[in-house]
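Using the sequences and the hints given, assemble the complete structure.
Residue numbers (the working numbering), protein chains in the order written: chain A, 1 to 165; chain B, 166 to 415; chain C, 416 to 1194.
Keep in mind that a hint or two might mislead.
[Claimed, not checked] Reference excerpt, derived from the structure (chain B facing chain A, CB under 10 Å, subset only):
#1 M166
#2 K167
#3 A175
#4 L189
#5 P203
#6 N219
#7 A266
#8 N272
#9 R351
#10 G353
#11 D383
#12 R392
#13 E410
#14 F413
It should be emphasised that the hints constitute simulated quantities derived from the structure, not laboratory data.
Think of the CB as a built atom: it goes at the ideal place given N, C-alpha and C, for glycine as much as any other residue.
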Amino acid sequence: MKVNGVQRAAPDDTRLLLSDHLRQELGLTGTHVGCEHGVCGCCTVLLDGAPVRSCLMLAVQAEGHDVTTIEGLARDGSALHPVQQAFHECHALQCGFCTPGFVMSVVGLLAQHPHPTEQEVDEGIAGNLCRCTGYASIRRAVTRAAELNSSPHVGKSGPKGRDGA
Amino acid sequence: MKPPPFAYHAPGSIDEACNLLSTLEDAKVLAGGQSLIPLLNFRLARPQHLIDINRIAGVDRIYERDGGVAVQALVRQAAVEDSDVVARVCPLLTDAIRLVAHRVIRNRGTVCGSIAHADPASELPAVLLALGGSVVAKSTRGERVIGAGALFAGVFETTLAPDEVLVEAWFPSSSKPYSVIEESRRHGDFALAGVVRASDRLALFGVAPTPVLADPRDPARGLEPSRDLEASPDFRLHLIRVLTEQAFAA
Amino acid sequence: MTTRWFGAPVQRFEDDRLLRGHGRFTDDFDEGALECCFVRSPYAHARIRSIDATAARAMPGVIAVYTAVDLPFGGVDLPLLIPHPNLTHGRTQRCLASERVRYAGEAVAFVVAETRYLAEDAAELVEVDYEPLPVVITPEASSRAEHLVHDDVPGNVAAEMLQEVGEVGKALREAPHRKRLKFRYERAAASPMEGRAVWARWSAGDRKLMVYDSTQSPTSIRGGLAVLFGLPESNVEVIAPDVGGGFGPKIMLFYPDELLVPYASMQLGRPVKWTEDRQEHFTAVNQERGQVHEVEVGFDAEGRVLALSDDFIHDGGAYTPYGIILPIISAAQVPGPYRIPNYRVRFRDMYTNATPTSPYRGAGRPHACFVMERTLDAIAADLHLDRIELRRRNLIQAGEFPYDVGVAWQDGNTVVYDSGDYPTLLDKAIANLGPKPAGDNVGMGIGIYVEGTGVGPYEGAHVQVLVSGKVVAATGIPSQGQAHATVWAQVVADELGVDVGDVEVTSGDTRRFPWGVGTFASRGAVTAGNAMHVAARMVADKAKHIAADHLEAAVEDLELAGGLVRVKGSPDRGIPLGAVAVLSNPVRYAFGGGTEAATQFAARPREGPPLRDGEQPGLEATGYYSPPGSTWASGCHAAYVRVDPKTFRLEILKYVVVHDCGRVINPLVLQGQIEGGVAQGIGGAFYERLAYDGDGQLRNASFMEFLMPYATEIPPIEIDHIETPSPLNPLGVKGAGEAGVIPVGAVLASAIEDATGIEITEMPLSPLRLFELYRLMER
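What follows is the structure, given as structure tokens:
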């Protein structure tokens, strides 16, 4: 499988969840595990560009696919991805635990709806739980990210992410 | 919350999957995994063998046939949601898909998997039933078509044989008026109660061990819904009447 | 002081690494750590006949299985954290149960294996023979003493406390109107997105223990581990790294894993990690909120409350490690912003066969607020008075501070409100709420509350200017998302006259700051914030004294601004703070960074030894702040809701908050705290519940059935502020962390009652419950 653009070996243990493989075997601890039954969305990653729950996939199932994690969205030292930048500007994170999952979901949402309506925003981020923010600032961040995405002044990282997506 | 040990199989064809199913004891088909893997993580399901059909090529098509739309085994729910063919031929299915969990789940979950899982509170089995659709089941013994009315046997139970794979679901075209209305606690949750109207046919979900057809004039007749934390039998019957009225008001 | 950064909406310094996936939460630490899994009791009450771990120990990949008999501290009760004279029958659990389990989820054995997968496999092989015993789950059943949770606790009563202000009996007898009411609030769960986790490494060579713990109190964990393992505190380092939400339950200590993980590392010579999964989080982590109140209120024809008597039982759970703080807070906070001339409150803290309780955001207050606000609505209904007008008539007025309520507070003092302006809160909230939306089945709800925040005993801070001119600051209390690294930087930057971006804050790391208490009770801004202020001011004073010699100016004529110490009115006569830091530390060996200026042959601005008596090297200071009493924040929430008359679906049409937490450090951060609190309140009022059955089994221990709201369930919240600075601390701040959640249950109950006519006396609600209550009302 390719993870953030880099070819990685398949796991030996076929019962390993993709979330555990990313965190434990590949050291990509930005993907968080919040419930392990697919409800909280903390573990959301992009599989071939579309957001999925990494706790609801076996790692071995990602063979032959491109996986993008939060670490793959903006290279170290480079500017934040527009979605990340919007989250920062809008104070859309507090403890930061749900944040990578939200960011990945929003990347998917904006790929599907580059200029989402209020309802599309709500439905696009429903599916990720946040216990800190009450969602208001996350809604604002989605709208802001859509602006940043369509702004010529912002680096064209695009809604699909920079690597592998 | 880690899955118990199992033997993992990744067949390259439906025939190979059927072979495995016919020879292995206690095997389970893994499609989208959005229901099965939570059960594994809770260790509520402990199959000895998992047969992952996700590597099988050529079974991810949506196409028109027989005045309806066929959805193959590996078609993700999101693909159906976005499909122009589905929107044209069976817009009821498009509407219903949008009520299934959330987009991120639909990116991975499959239509056929949802039907085979046969959750009584799930939308898609009820849509199939309301429309009078059918599924195609395949095994080493051959292929057969099972009508929706003969498919759902109980809570999480279908009439699929243990060695059969559900390879295709077929939804007849939905002509107006149609609607799917459900009452759920949160957006994307399973329904406390739901109704699907396809012309003058009415199917209910969340109120019986399987989706059921009902008389729109007296939809709650004969039902004995179960009780859970969010709905009593009475409340479910009440909701069914309210939702049916809404569905047939237009 | 200057107010350049204090009060500004500074964007957070924490965000960049968290957004890039470079946060470091406890489970992110690995270093080849062994992983663990608990065997937990499936029964809410049972005698343990035997435990057999033979098969588990024999499984490949298993390193150790611990039961109580394997532990040197296996027979010791865990500490009772907050003893109280009225807690006559305090009981705490043992690390691992060996004779009796008293709640489903109580730890019985601890498996250490190469991976969590293997640990879970092995845990299934541990055979425990239980003899189930009868249970009491609700506080009502407990108060009837149908069965005893602890054989030696008569009537299941852990504590009883009675307080009276004025003459309640007499006032009730003489009141023109009297009313009896009963209110029930169910248990609830905080459910932070990150469960609990502990990582430990024992270094045998230098006898040092290092622990990462997803806790709200690393300093207390460190103290306890040092005592348990007989180590000097300096040999134990406890760090709360990034913590994925706390909301109260992570202030509880010690959970069994907090002892077992370090112990296993010491025994096994390898790093050991335990990360809680979501399922066990539901029963293994403390809960709160279960109370049943019986109220009698006396009032006059104008709706003025003359006397209030409240007798309540508190669902304490199976053990009382956190003492009786929760019912003490409830008892203290029932009167809220209202003038209650005669007030009597009695509580009994009841043992039940359920997970122990300790504070969850709001901590005793949401239920207290519910009781008072529901009572006022009932009076208004009796007298056919407007609910808002009734409240106006009972509010404490702005000129009445300090206002002595006269009942006991959680810090050992009595409740004295320091400042506030409750009538203005109410007026603003009503104005902001605006006219009622058109349509049927719409109701209005309102709730006003006070919140005792910023409790002691103290917090401290260390602030140091580096020779680079950058500033580092540290405090003992950890952040669980409250933006400590940003708001403390604002406080420090103002005192030192530097850019806020030049201040780097560490919090919750005993290596950087070993003293303090923890993050709880909306106390961070008051305690650590003022400690930062104190320490930074000490540094500023020191900088002026050093610079005074250098600039040949009087200390009083100096100011810190623009990264310089400079002469007031002569901005060109200044010295960079970094240079002052150099001068503060006379050196023999220059080590770069300009330190040659402080060597012995460099020009010396003054006579005498390089360090005079009483002087200390380094441009740094450690300061503490210990509050004389709590600061009392307050607020008013109001809402319009629509309840579908057929499906009983709740739609919140408008929700407004007017909040007063004294001076605001960072409005962005404050807004986030309140928005999040209200959302948590909405979840607790209408979506979430802990559904225990009669056998003490939690029936909904998953996010599929414990219905935390998504974005689709939370409406926009409109927030407004007033500022009545606290006179008790230099910054004039009060706490804000819990404010959002407190009145939400009361507000929604009021609005739903108004919309439907259904009398609401309980929390939480749901469409099903409203349907049932509606049916009962129709009968």
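| said: Please check whether G353 (chain B) passes as an interface residue: C-beta within 10 Å of a C-beta belonging to chain A. | reply: holds (6 Å)
- [ ] Would you settle whether the hint for A266 (chain B) is holds or violated, based on the nearest Cβ-Cβ distance to chain A being less than 10 Å?
- [x] Cβ of A266 (chain B) sits 7 Å from chain A, so the hint holds.
Discussion item. Let's test the interface hint: is any C-beta of chain A closer than 10 Å to that of E410 (chain B)?
Written reply: For E410 (chain B), the interface hint is violated, since the closest Cβ of chain A sits about 25 Å away, which is over 10 Å.
| Does A175 (chain B) pass the interface hint, meaning its C-beta sits closer than 10 Å to a C-beta of chain A? | Holds. Min distance 8 Å.
* At a threshold of 10 Å, is the proposed contact between M166 (chain B) and chain A supported by beta-carbon distances? -> holds (4 Å)
Hint check, L189 (chain B) versus chain A [nearest Cβ-Cβ separation less than 10 Å]:
violated (15 Å)
Given hint K167 (chain B) near chain A, where the shortest CB pair must fall under 10 Å = holds (7 Å)
Task: Given hint P203 (chain B) near chain A, where the shortest CB pair must fall under 10 Å - done: Holds, because the Cβ-Cβ distance from P203 (chain B) to chain A comes to roughly 4 Å (cut-off 10 Å).
- Item | Restraint outcome when N272 (chain B) is required to lie within 10 Å of chain A by C-beta distance | Check passed: Cβ of N272 (chain B) comes within 5 Å of chain A, closer than 10 Å.
- Task: With a cut-off of 10 Å on the beta carbons, see whether R392 (chain B) makes it to chain A.
- Result: violated (23 Å)
Let me know if the C-beta of N219 (chain B) comes in closer than 10 Å to any C-beta of chain A, holds or violated.
holds (6 Å)
Check: Given D383 (chain B) was flagged as interface, is its beta-carbon under 10 Å from a beta-carbon of chain A?
Finding: violated (34 Å)
In this structure, the hints that do not hold are numbers 4, 11, 12, 13, 14, in rising order.
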